[in-house]
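Sequence lines, in order, name chains Y and D.
Everything in the first sequence is counted per the working numbering, starting at 1 for the first residue and increasing by one.
Everything in the second sequence is counted per the working numbering, starting at 1 for the first residue and increasing by one.
Don't take every hint at face value.
Quick list of the computed label-pair ranges, beta carbon to beta carbon [stated by the list, open to error]:
| # | chain 1 | residue 1 | chain 2 | residue 2 | range |
| --- | --- | --- | --- | --- | --- |
| 1 | D | G201 | Y | L353 | 23 to 33 Å |
| 2 | D | V59 | Y | E429 | 55 to 65 Å |
| 3 | D | W355 | Y | I339 | 39 to 49 Å |
| 4 | Y | K533 | D | P60 | 16 to 26 Å |
Over the 12 Å line for every Cβ pair with chain Y, so calculated as not near, a few chain D residues [to be verified]:
| # | residue |
| --- | --- |
| 5 | S217 |
| 6 | T294 |
| 7 | Y352 |
| 8 | T420 |
| 9 | I423 |
| 10 | A529 |
| 11 | I534 |
If you are wondering where the hints come from, they were derived from the structure by calculation, not from laboratory data.
By construction, the Cβ of each residue, glycine as well, lies at the ideal position given by its N, Cα and C atoms.
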Amino acid sequence: MAYDVVSVDGLRFLLPELVLVSGILALFIITNIGDAKIRLPLTRLRIPALLGGNRFKWNSDPRLPGVISVFTFIFAIVMLIQTLGGDTCNNLVEKFCTDTTILTTTGNSPVDLLKLDSFSRLFELMFFLALLLVSAASINRLQADSNPSNDDLDQLLDNRRQVDFHLLLLISGLGMTIVAMSMNLFVLFVGLELASLPIYVMVAFHKESKAGSEAGVKYFITGAISSAIGLYGMSLLYLWSGSLQLSVLEASWAAMSTPETLPLFGISLLLVGFGFKISAVPFHFVAPDAYAGASSPVAALLATASKTLGFIGLIRILMIVTLPAESGETAVWMLAFGILSIITMTWGNLAALGSENPKRMLAYSSVAHAGYMMAALVAVAAWKSGNFEDNGIMAAELIIGAVIFHLFVLISFKIGAFMVLSHLETENEVTDMSSLHGLAKREPIIATSMFVFMLALAGVPPLAGFMSKFLMVTGIVQAASADVLTNSNVDLIPTIIGMHWTFFLAIAIFINSAISLYYYLRIGVLMFFEEAKTRLPLPKVSVLRFVILLCALGTIFFGVNSDWLVESAIEASSTLF
Amino acid sequence: MAENKLNDGMYVIGGLFIAIAGLMFLSPISLMENDWVTLPLIGLPILGSLLLMGFSSAVPAWKKESISEIIKYASLGISLIVLIITSLMMTDILMNVHWATISFNQYVYEVEYNWIESIGAEWHVGIDGLSMPMVWLTALLVPITIITTWNEKKPWYYHPLLVLMGGCLIGVFVALDFFMFYVFWELTLVPMFFLILNWGGKERKYAAQKFFIYTFSASILMLLGIITLYLLQDPSAANSSFTGRTFDMHEMIKTAQEEVIRGNIWLGAGTQKLLFVLFMVGFLVKLPVVPFHTWLPDAHVQAPTGGSMLLAGVMLKMGGYGMFRIPISMFPHAVVEFQMILMIIGMISLFYGAWVCLGQTNLKRMVAYSSVSHMGIILLGIASLQPLGFAGAIFMMFAHGIISPMLFGVAGAFKHHYHTLEIGSMRGMAKHSPWLAGNMMFSWMASLGLPLLAGFVAEVAVLVALWFEFGWWVIIPGITLAITAAYYLWSMQRTIFEGGEQTQPPESLGDEEPKDIYLTEKIGLMSLAILIVIFGIFPFIFFEMMSGYSSELIESILWDEIRGRWG
């Protein structure tokens, strides 16, 4: 169904976004309510104006903005679930799905702007969950003064700071949902910037520390340049096809008999922009600095939601526009992307091996994970060129499903790992591995959760990270090997040589998993083996503990009982093809 | 001090063991109707130990001593419940089941639940003549290990970890679904990693990481094999999964068998070889054989006694078990093609392991290399492609599973009481610690293959099979057995018996008087010794079941290939 975007019918589908907007307004208004009074002209009557003046006790509490944003995200998730379902899909317990709705511009020749289907809704859910966890974890953080006294002024200052932070989170969330839904490169770009600009500020939120400001400036400059390059790519595509509609671009691409320079150049420039978002080599250089300089919850956001943004862009551009739908041609970007993916994962893992700062290590591990997902996307192209399909499910659906699954479960274990670091930050700055020393003796449950997150990142069964890696490799092997292995009566070596070269991407993923195990295990060794400087437990921050525990349970749950998520992810990816 | 802590409880436990042994042969209860019994075998230890560890982590540090007894007895209780259930199952199988119904690809206690429906992963478990001895061995070794290392440091985590380990291992042995098999296969690494990391020797950090990374990397190749095999199924077969495929081993073995009956090579020769190599790398590293063995001596020397006992007793057997369960049952063509390579690898690790033992001065390192050597025998039994060789290899898995824990238990006790593992550091232990010396001598005799002890049966069976298949090549294992005898006897002479000037206790003991082993250690080691004797004199308790399995395996899947090769 297609609706006008500003009609009531259309807005009905944007309820979660409206909730975010009202959350932003609420954050503005509620925290500014004060005892200011206006005198009515010509009288002596003073009536309360509510806005301005001295803040009341209840709304100068530093925790209030966090609470507001947490409830906004919860409410947005409820609204999201409420908009789901439809004729083709009525059982949400079985899988996450919804009818497809397209929102268009007003006018006689409407242009598609937003598409609401299982794919975009699932990504919206992911963004909301990630932002919910991050905002919950930041309720108590970011004091202006490192030794907070409890006087009212400090409280108010903290409150102001928190308002800024959570406002940025909400705005960024709005941008993310727009990216998830966009059907048009222009809308995509607006959403991307709406999501990115607040993130740049949040990275620099530690303005008191040198690392924080440096990270913010670096991240902003590189980010702005890569966006500009991406924008230039878009304009070239517009020059070529005369439209920014994804559907029009797809049609023009399919109509192209031999690869032309202009669209190829445009697409590659566009990929630079997304490559920066997912921190793929060679655009990853700023990632470790940004992660290390930002506070841990923001770093968690960079590693999950921001990366997801990039992957949505990649999936939209590479999977919809540039894949030759029915022809037997190979996608042009396949080889380059394959090589880049191998370099990305290997570089990430090797650099992580030598990192002495846990946040930098997690940043490099995030680079490596981007490499795995890029390899999966390459396999889709291999499948397209092989063009096979069996029993209703196609290898491509499985692979994109695996990528979606991975991005989803990253929320549990990547955010969880950063939350543990965040908890450590409540005590001291986390700048090297020594802050993890002996954590098991101080905080056995948090240390165990951290170990679970590390094993999940390494892909040890039965945790969620294993399932995602397993699905990706299954997809890759299926795409690469099916026509070789089924009827090979030759010897061992010719069989191996006869494989499609993407098969070696699977092997590269496995070799890299083995390498990565070393630094993930090292964290475990540090926590369970080394002696801590102190035996005292960490300060009690109950909401942070709750988030960590929730993430650990999620990591185990989606590993052991992944059925719902696998089906939802595959359902989401099947709407693409 | 610890001696005083021993209470009547230990006698009760000793009695329980005898009672369980009695139950085995007298049980009137038939579990055959209750297919689900394998579920508590896995679920109870895993959930129970996690609960115990959670409980002990909630207790503040200064109170932990006071709960240690509770945790110890609770862990022992859980492992004994598992042992009782397993023993009942075993009695049932021994008394009421004909071999033919649990041999090749036929299972009892078979249960199937959907687990991850969308990709076709199932909770599919079952027990046959191959897995029953392994499950029982695991269930048996966990309580014995707990008792032998009763006085380990930090028991509030240590003993639950042993129980957890046991649960994961049983999961590996009963799994009939590739996905489940792989999950449990990797899950066993985690408790062992912590056992080595927290209770190990000086170099434990290095050893724990090496152990984990080495075996994880190898099993990743196995995972690639599993995925490839998964994708090679015919997706049009009717089942509910998204991909139209399952991870069911039972189905795959059946398909392989049908193809053999039709005279085809299942999946084609090249693919079979590729898959065979992928799976075998995982299993050979786990077994381990030369040249993939280097993780084993490090892990064993650094691991605590209990960790070594389970590592040598059961974890190594996962490799041998996996070979029988997957590559041999599924890829007959590749097995026959690779027969010579397997034989050569087996010979090398048999001989090299024994040869290196001659030069070892560290007791645990020597025992570790002797394990490598004995694992070579398992591989040789497989390479013989004879029913007798297969049965010998499976029996070797069981026999080594009760002998090597005793070897490591003795080595651990030696370390504990004499604070050293150097073989030549003292003589005349028999004078100071007669019980320890007696157990040590017994376990070494068992390991070198003394007749009437369990190891002998397996070695003879494998050697006879080798003679049938390879003729005079059998000289190499023959020589190696002589070397084995040599290094054990030589060590015995340098450690246990008096002679020369070195009859004084070693320097590492300082001013302490040399003590004998504790009652707990006695109970643990003696129960192993009794089992070694029982299975040495009455090997047929398991051997018939194993040879039934082996001949059925060869007849139903390998025979055509073997015959085809000889023309």
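Each hint tested on the structure:
no.	hint	result
1	D:G201 with Y:L353: 23 to 33 Å	holds (26 Å)
2	D:V59 with Y:E429: 55 to 65 Å	violated (31 Å)
3	D:W355 with Y:I339: 39 to 49 Å	holds (46 Å)
4	Y:K533 with D:P60: 16 to 26 Å	holds (19 Å)
5	S217	violated (4 Å)
6	T294	holds (16 Å)
7	Y352	holds (26 Å)
8	T420	holds (24 Å)
9	I423	holds (29 Å)
10	A529	holds (35 Å)
11	I534	holds (37 Å)
The earlier numbered hints that this structure contradicts are 2, 5.
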